[in-house]
Each structure stands twice: as structure tokens, then as C-alpha cells.
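Undergrad: So the sequence lines, in the order shown, correspond to chains X and C.
If you're matching positions, the first sequence starts at 1 in our numbering and goes up one per residue.
If you're matching positions, the second sequence starts at 539 in our numbering and goes up one per residue.
If you are wondering where the hints come from, they were derived from the structure by calculation, not from laboratory data.
Mixed in with the good hints, there may be bad ones.
As the list claims (entries may be wrong) - Listed next, the in silico EDC-like pairs over lysine to aspartate or glutamate satisfying Cα-Cα at most 20 Å (straight line):
id : chain 1 : residue 1 : chain 2 : residue 2
1  : X       : Lys352    : C       : Glu630
2  : C       : Lys679    : X       : Glu343
3  : X       : Lys371    : C       : Glu676
4  : C       : Lys679    : X       : Asp330
5  : C       : Lys605    : X       : Asp314
6  : X       : Lys312    : C       : Glu630
7  : X       : Lys149    : X       : Glu490
8  : C       : Lys679    : X       : Glu367
9  : X       : Lys489    : X       : Asp152
10 : X       : Lys312    : C       : Asp626
11 : C       : Lys642    : X       : Glu343
12 : C       : Lys605    : X       : Glu307
13 : X       : Lys474    : X       : Glu122
14 : X       : Lys372    : C       : Glu676
15 : X       : Lys248    : X       : Glu237
16 : X       : Lys352    : C       : Asp641
Please read these numbers as outputs of a predicted model, since none were measured by experiment.
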Amino acid sequence: MNMIKSAIYFGSDQEFFEKLTKTFQQRFDGEFRLHQLLYSKTQIVQSIIDFSPSLIYFDFSVTPSDQLESILTESSYLKRIDSYKPILFVGLFDDISDFTTQSLIFTSGFQWGFVKGADLEEFFRDTLSLGFSGEVGPSFFARANGINKKLDLFFCSSISSINNKTFSIESDIYSDSSKLSFSLPLFKDLDATEFSITSHLETSFLYPLTDSYELEFPFAGPWDELSSKNMQHETVETWISCNKDVLKDSFSVMKLFSARLPLAKELIALSENNDFRVEMSTCLDERSALKELSQKKYPLIFIEINEFGNFKYDQLAELINLLRKIQDYDPFLLIFNTSSKSEALQKAYGHKKILSFQQPLSSEYIEQFTKKFLEKRKAEFNPEFPSFLLSQVDPRRLIDVKIESQITSLTEREITFTSDLEIPMYSVFKLELPVKSFVTLVPPNRELDRHLPLKHYMGIIHTISELEKQKLRKFINQILFKPISVFSKEEVLNILNQKTEKISPVISKEEYLLEKNEKKTQQDFKLMRPEIKGKTKL
Amino acid sequence: MKKGNLLIVDDESDIVENIKILLNDLAAEVFTACNGLEAIEQINKHQIHCIVCDINMPIMNGVELIKAIRSQENNVPFIFYTGHGNQDLMMEAVKYGAFDFLDKPELSNLEEVVSRGLREGTDGSSDLQMSDETYLSEYQKLLQSLEKE
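Go ahead and model the full structure; you've got the sequences and the hints to work with.
TA: Here you go:
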């Protein structure tokens, strides 16, 4: 069955939209829905309700900057909801002078970017393929193989909260070591690049990233000499005090199981005006629910029964079974849209803390009940050291978590590398060398050599200006003839300054296919549902 | 206050008689049935405001009975008598709007539960939605009772 392809363009660039429409017409021959919308608050949620898109293009080049916080709050919230994770969010830019805006965007649910002025055809091809099938097609650019050199990759991550003693970050990097490597932008005089992990959860609280870490500030001990690698306690206290007016209070987290996406609009509004947030799931996936429930231990869980939807009484039974598996965890379950009384549900499911309501769930109920609950449990939710959040648009929250990898091949479009870490598909990282750009990890479009016990990954390079792309092309052409000895800034500059060898930058499609003994053609992409973002096992 | 009519459904006649004696004063009239089919006949003949029903019966069990009654858009409160090992039937029954479950052979809080059931059945408040204040008050009571524990 051919599914109708649905996509949305948020923006007012008519020329771009016309080119996008033409591409859709050529590619999908009428079997598509493409909508142009202008952004207003909660419009992204509404557009998903109205059009069920697999792909959303957001034109930041024509969006007023005062809307950025609202957009990122909405995209972050949506991309944390199970059913909406597969939607590909693409950002369009006209300026990438310092990558700050792009980093804010790529930590808030966006997974692809485009700098206007670069090659549209390749961009459309990749995003349409990725958005509707979760995969990208093969590359026909010259490839420098067998590079096998160390290269640092910088994963787009974010500070989520800070208190007097520790700070928390969220990232797609899973690390079982005791430290993480990154620079901390909060304190200009601090040169430390490694921070000790005090706790690690395989879940996140604010951003659509997979892991969260609590880390220690590198406080100087009583007998330590102060240097650029450590700091005094007062530094953090003073920083918090001086930034109080731009910091937000931390929050308690509750959980909601409901298939009604319109509730998301109300929940986003609730989180802006209260000291709690409600995380939404539209269905019960046992594995991820068990992980989330055991790590977050929500004290209140709201459930809306829908016998014709994703959350029936059977799912309620499964959920309560999951709760029993978690030690020291006994949450309140507030069950809506049920005609059974509280006492009946308590006894049927063997869970005392159940209250049932005949009405459908509403944000008013959520607000009232949560506030009452938090009032009663004031002491429990008022920690000794209160934590504070940086705003979604505060560039100081941006962290690039560095991982060492071994680059194996490079084209002007894709990079392959090995790493001992398990990295989720569709994670976004930054390249500093050979040129500055962003890369999104994708399922490999060809068989990659085994480098056991290391994992071999493929990423597609994007959010790169045409000028930088030319540099990259030149770099690749040079290393095809003279392999690079080490991936360093100096070495890359040397190579870029060399006279270009006169070769064709692009090998023919036939040569490529012949070389790899490939049978597939460019039109031969499978159309499948995109993968939900999560850890992969290679 | 107007008293409602009660229906007792159980295939064990001794139990039916004992419950009837205990609850006679609470209800205007007490009807009985020994299986689900007979219960349906009684419901069709008389206005019933609350049902006390064994969940596990031959011919037509309590779940099948509540399902049949609900399909006629009748929201009469159902109080089920359950024995050990009836968890699956209980989880099935709540899908159709159960009022409460009581353990066999306990009769200690039967009167209190049936009182509430009859009140709901006669007020018609099962058809009305509870007010927000009532919900909040129920919620606070639950929080307080669990804190005391």
C-alpha cells in the first residue's frame, strides 16, 4: 500500500517552497501532501495533528528571532514523545557564522540542516529519503578510503541544570567511564576539559537526547593551588546569583499516558507557568517504559484509558506489572475516562494508590492534582541545593562532548568512522576538521568493513556552506593522492593550501557501481517507516 | 431517602439467602437470581438499582453478565463477589465499569458497599459526572489515608 507522503514547510520563502513542491511532484507523482505554514505558538503540534507529516522543514532564515525559544520548546517536547520521534525536523539557515544557533537547534529535536545557497538537489534527495524511509541513498562522490586516523567528534549536548555543587548535562553519548570530556562555557577562566560523573541515567529530562549525567565542578581542595583547571565554590554561587534573572527554577516531573496529542499543547503551556513538567507517552512500550519509570520514578502518573486507541485496560495491567518490577516505587495512578470506581480498580490490579475518574483527562485536572500533591510533599521536593535551568536559547547551555574516533573514509557528503561507543542513529555531531560542519548518523547505505570490537558508523555531512564544501572537496582530492598523516589543524591547512591536482572530482555512477559490484540503482530505495531513535546494536 | 431495589446473583442458594437477610433493610425490594440469564430476566422485569453478583458462575459468569447489561446502556452499579484466583475475571470486569469487589466469604463491609451502590443507583449519579470539588476531596482523602499508613 502506498502511503501518502506528508510534509510541512514552515516559512515564507516562496522560491524555496516552489522548488520543494516541484521536487515532490517529480518524486512522488501526486501521492503527497505538502503544506506551507507560518509559525505561531503551538503551531508545530497543531500541524502534526492536522497533517501527520513525516518531515518538517523549518526556515529559520525567515523566522523572527523572538520566536526561537517557543519553537525550540515545542520541538524539544514533541521529539521526546514516542510516536513523534521518527518525524524528521530539518532546519534551514542563511547564516552559519558561529554555529551557535544551529547547535541550539540540533539539541532541541532538529536532526538535519541546510545552508541556503548550497546544492538543493542533494539536500532534497537526502531529506526526502531520510524523512520517508529512514535511510539515505548511495554516494557518487570521490571517496578517500582507508584513512584510519584519529579524529575527534563533538556531539551536540546541553547543560540541563546547575546547582551549587553539581551540574547536569544531556547528551546522546553513552559513557560507562567515570569522566566526560568537554569545555564548560559557563566560566570563562575555567580551562578544565574533563569532568567527573557522579550519576548517569539512560534517559533525559529536558532535551530529546538519550542520556543525562550529573557532574562535579572541579572544585579546588583546601590545600590545592588555584589554577585554570579548578575553581572555588564561591565562583558557582556567585554565577548563580548573578544570573538569577535569566535562570528558571528546576521542576518535578510527572508522567502521562494518553494518545490525545492536542494535550501536548496544554502540557507545554503548563510547564511554562508551573514548577512541574508532565512527560507524555502516547503508547506503552514495555522496554523503554521500564527504563524511564525505574530511573525517574514519577510520583504521579496520569492515565487516560482509550479502548479504541493505544492505551486500553490491557496496557494499564501491563503498566502496573512494570511498576511491581521496580523496587521502592509506589506511584499514584490517576486514571481518567473509566467507568469503574477507584476501589474496583485498586482491587482488580492490586495497586492501592489508584483514583479513577469518568471524565476525559484535561490539563486543568493535571494542574490541580499535581499542585495539591506537591503541596503535600513539599519537603521531599525541596532539595537542600536548588537547581536552576538555563533557557532553551541561552548559548551557554551548549556543550560539545568530545569522543575519539578513527575516521575510515570521507567524501564531500559522508564520513565513516569507528568507535567503541554505542551511538544512537540520527544523533547529530560537529566536525571541526577538515571543515566545520554538522553530521547526522544514519543507517549505512553500504556494507562497512568490520573492525571488531569497534563499531563502524556512517554519517551524512550537512549544514555546510558552499564555500566550505569546496574546501572539503579540495581536501578529499588531495588526500586521494597523498594520504594525510594526522588529522590536525596544521596538517589540514597545509593540504588546503597546496596546489590542487587536476582530476575529476566525481567518479561516474557506473564506475562506482562496478567497483562495489552493486546491483541497486538510484531509484531503488525501500520505502519503510523510519526507525525510532534509540540505541543500536551493531 | 428513597430506597432502591437490589438484585443478588449467585449460583449458591445459601449465600443468596444470607446476603438477602443481611441487606433486606437497606433495599426497598431484594430480588435474586442463580445465574446470569435469570439475572437478565429480573433486570428486564424490575427496576434494579444495584447488583451484588458472584463473578464466577456457570452458564453465564459475572463478566458476561455485566457486559450484556452495559450493552443495553444500563449503568447500574455492579458489586462483585470474588474468590481466590479470580484476578483475570476482575481485570475483565473493570473494562465494563465495576463498582467494587468483595472477597468471599467476607460479609463484614458488604452493607457499607451496598449502601453506596444503592445510593449511586437511585441518585442516578452514575450517569452524572462527579464535580471537580468532589474529585479533589477524594484525592486529598486518598493522599491523607496513605500518609497515615
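Undergrad: Within 20 Å, alpha carbon to alpha carbon, are Lys642 of chain C and Glu343 of chain X?
TA: Measuring from Cα to Cα gives roughly 16 Å; hence the hint holds.
Undergrad: Does Glu630 of chain C lie within 20 Å of Lys312 of chain X when you go C-alpha to C-alpha?
TA: Answer holds: Lys312 of chain X to Glu630 of chain C is near 12 Å, not above 20 Å.
Undergrad: Hey, Lys352 of chain X versus Asp641 of chain C, does the alpha-carbon distance stay inside 20 Å?
TA: holds, 16 Å
Undergrad: Please verify whether Lys248 of chain X and Glu237 of chain X have alpha carbons no more than 20 Å apart.
TA: The given pair, whose Cα atoms are some 15 Å apart, holds under the 20 Å limit.
Undergrad: Can the restraint linking Lys679 of chain C and Glu367 of chain X be considered satisfied, given a maximum Cα separation of 20 Å?
TA: holds, 18 Å
Undergrad: Has the given pair, Lys371 of chain X with Glu676 of chain C, been kept, meaning a C-alpha gap of at most 20 Å?
TA: Given that 20 Å is the threshold and the Cα spacing comes to 15 Å, the pair holds.
Undergrad: Hey, Lys489 of chain X versus Asp152 of chain X, does the alpha-carbon distance stay inside 20 Å?
TA: holds, 12 Å
Undergrad: Has the given pair, Lys312 of chain X with Asp626 of chain C, been kept, meaning a C-alpha gap of at most 20 Å?
TA: holds, 15 Å
Undergrad: Lys372 of chain X and Glu676 of chain C were given as a pair; does the straight-line alpha-carbon distance stay at or below 20 Å?
TA: Holds. Lys372 of chain X to Glu676 of chain C sits at ~12 Å (cutoff 20 Å).
Undergrad: Run the distance test for Lys474 of chain X versus Glu122 of chain X: straight-line Cα separation, threshold 20 Å.
TA: Holds, because 19 Å separates the two Cα atoms, which is no more than 20 Å.
Undergrad: Hinted pair, alpha-carbon criterion (20 Å max): Lys352 of chain X, Glu630 of chain C. Please report holds or violated.
TA: holds, 18 Å
Undergrad: Is the hinted pair Lys679 of chain C and Asp330 of chain X satisfied, with a Cα-Cα distance of at most 20 Å?
TA: holds, 17 Å
Checked against the numbered hints listed earlier, the structure breaks none of them; every hint is satisfied.
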